[in-house]
Amino acid sequence: MLEVQVLIVFMILSALIAVQAKDLVSSVVAIGAVGIGLSMTFLVLKAPDLAITQLVVEILSLIMLVRATIRRDLPFSTSGRWLFNTIGTTIFIAAFLVVAILALKDLGAFGAPGMKVSKYYLDWAASRPGNENVVAVIMGKFRAIDTLGEMTVLFASIVGVLAVARKNAKE
Amino acid sequence: MKKSGEKGMSVIVKTVSRLTLGFILLYGIYIALNGHRATGGAFAGGVIAALSFIHIMLAFGKEVALRKLHSHVMRMTISGAAIVFLVISAAVFAGMKIHAETLIPVSETLVVSGGLFAIFVALVLLSKTDRDAE
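Protein sequence lines correspond, in order, to chains P and S. All you need for our numbering is the position in the first sequence, starting with 1, plus 299. All you need for our numbering is the position in the second sequence, starting with 1, plus 85.
Be careful, since some hints might not be right.
Stated by the list, open to error - Straight-line C-alpha distance at most 25 angstroms; calculated SDA-like pairs for lysine to any residue:
hint, chain 1, residue 1, chain 2, residue 2
1, S, Lys99, S, Ile109
2, S, Lys147, P, Lys345
3, S, Lys99, P, Leu364
4, P, Lys345, P, Met310
5, P, Lys345, S, Leu118
6, P, Lys321, P, Val365
7, P, Lys345, S, Ile114
8, S, Lys147, P, Lys321
9, S, Lys147, S, Leu110
10, S, Lys99, P, Arg366
11, S, Lys99, S, Leu110
To be verified - Using C-beta positions, here's what the derived DEER-type ranges look like:
hint, chain 1, residue 1, chain 2, residue 2, range
12, S, Thr100, P, Leu301, 44 to 50 angstroms
13, S, Leu188, P, Ala455, 19 to 25 angstroms
14, S, Leu208, P, Ile386, 33 to 39 angstroms
15, S, Gly107, P, Ser325, 31 to 37 angstroms
16, P, Ser325, S, Leu171, 39 to 45 angstroms
17, S, Gly107, P, Thr385, 54 to 60 angstroms
Keep in mind the hints are simulated off the structure, nothing from the lab. By construction, the Cβ of each residue, glycine as well, lies at the ideal position given by its N, Cα and C atoms.
For reference, chain P alone in the conformation it holds in the complex (with noise of 0.2 angstroms):
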């Protein structure tokens, strides 16, 4: 596991010099170092299909932000409810520590498989008569479902993209 330190390493660095960088193209380059890191990550823990779609996703993410970002300036305000600000990220960090402290309790070993979810997909495709393949049931009657809704949110922001930039859209 020295590789995914390493490169955990790498990733937190990264991310690092993208806040503290005063250029905004450095600090979307070591972004995009970052997501890189993270496809490693993916690969060197087996899990090469996450790694294709990291990587492709991170590609497509970059070129939106180096097109998009550039010249432009960001407004940054400093002034202003900074105690009622203050308290709020408090109590919101103190909160997502309570949380991860919760969940994190109930994981396994890292890199034992956490057989929960998957145990009950092979075993009810196994139990179904005329199934023959499991791969192909839990495609049809899990991912297909998984599927759906990964398309739903997809294609509800396509219709208010269109939407916005149709052609001879109302001023």
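Could you slot chain S onto chain P? The hints should help.
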């Protein structure tokens, strides 16, 4: 050589983009249709197809991309693919036996590629700074 619009990059970039567009699109389709056997899947394939369109747009300038965005073929394709997928899901929910191993990845690839391209064009080309620069 300025027939396809004065905007965009140089002639070398345009020629190379025109040659490589088909290969990138083909690779995206291959990734999408082989998702059940090898690594990849319909989402990654769709994003690769969207990247090929974005590649063409970056090389040829914004007029080509805006014409594609306003065309009815793209909207009809995206909406049709979404409806096809919805019908398949409803049929699977209802318990019908459907062999849609090809139709699911194809429709998801269409929705993902067209949608991400539309979102990219809308984010980049219709933003305020680009319009002011005109």
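Status of the hints after comparison with the structure:
1. S:Lys99 x S:Ile109: 15 angstroms, holds
2. S:Lys147 x P:Lys345: Cα-Cα ~40 angstroms, so violated.
3. S:Lys99 x P:Leu364: Answer holds: Lys99 (chain S) to Leu364 (chain P) is near 23 angstroms, not above 25 angstroms.
4. P:Lys345 x P:Met310: Holds - the C-alpha atoms of Met310 (chain P) and Lys345 (chain P) are around 19 angstroms apart, at most 25 angstroms.
5. P:Lys345 x S:Leu118: Holds - the C-alpha atoms of Leu118 (chain S) and Lys345 (chain P) are around 22 angstroms apart, at most 25 angstroms.
6. P:Lys321 x P:Val365: Roughly 15 angstroms between the alpha carbons, so the hint for Lys321 (chain P) and Val365 (chain P) holds.
7. P:Lys345 x S:Ile114: It holds: about 24 angstroms lies between the C-alpha atoms, which stays within 25 angstroms.
8. S:Lys147 x P:Lys321: Violated. Lys147 (chain S) to Lys321 (chain P) sits at ~30 angstroms, over the 25 angstroms cutoff.
9. S:Lys147 x S:Leu110: Distance of about 20 angstroms is within 25 angstroms: holds.
10. S:Lys99 x P:Arg366: 18 angstroms, holds
11. S:Lys99 x S:Leu110: 16 angstroms, holds
12. S:Thr100 x P:Leu301: 44 to 50 angstroms: 46 angstroms, holds
13. S:Leu188 x P:Ala455: 19 to 25 angstroms: 22 angstroms, holds
14. S:Leu208 x P:Ile386: 33 to 39 angstroms: Taking Cβ atoms as reference, Leu208 (chain S) and Ile386 (chain P) lie about 34 angstroms apart, which means the hint holds.
15. S:Gly107 x P:Ser325: 31 to 37 angstroms: Between Gly107 (chain S) and Ser325 (chain P), where Cβ atoms are some 35 angstroms apart, the hint holds.
16. P:Ser325 x S:Leu171: 39 to 45 angstroms: Holds, at about 44 angstroms.
17. S:Gly107 x P:Thr385: 54 to 60 angstroms: Check passed, 56 angstroms falls within 54 to 60 angstroms.
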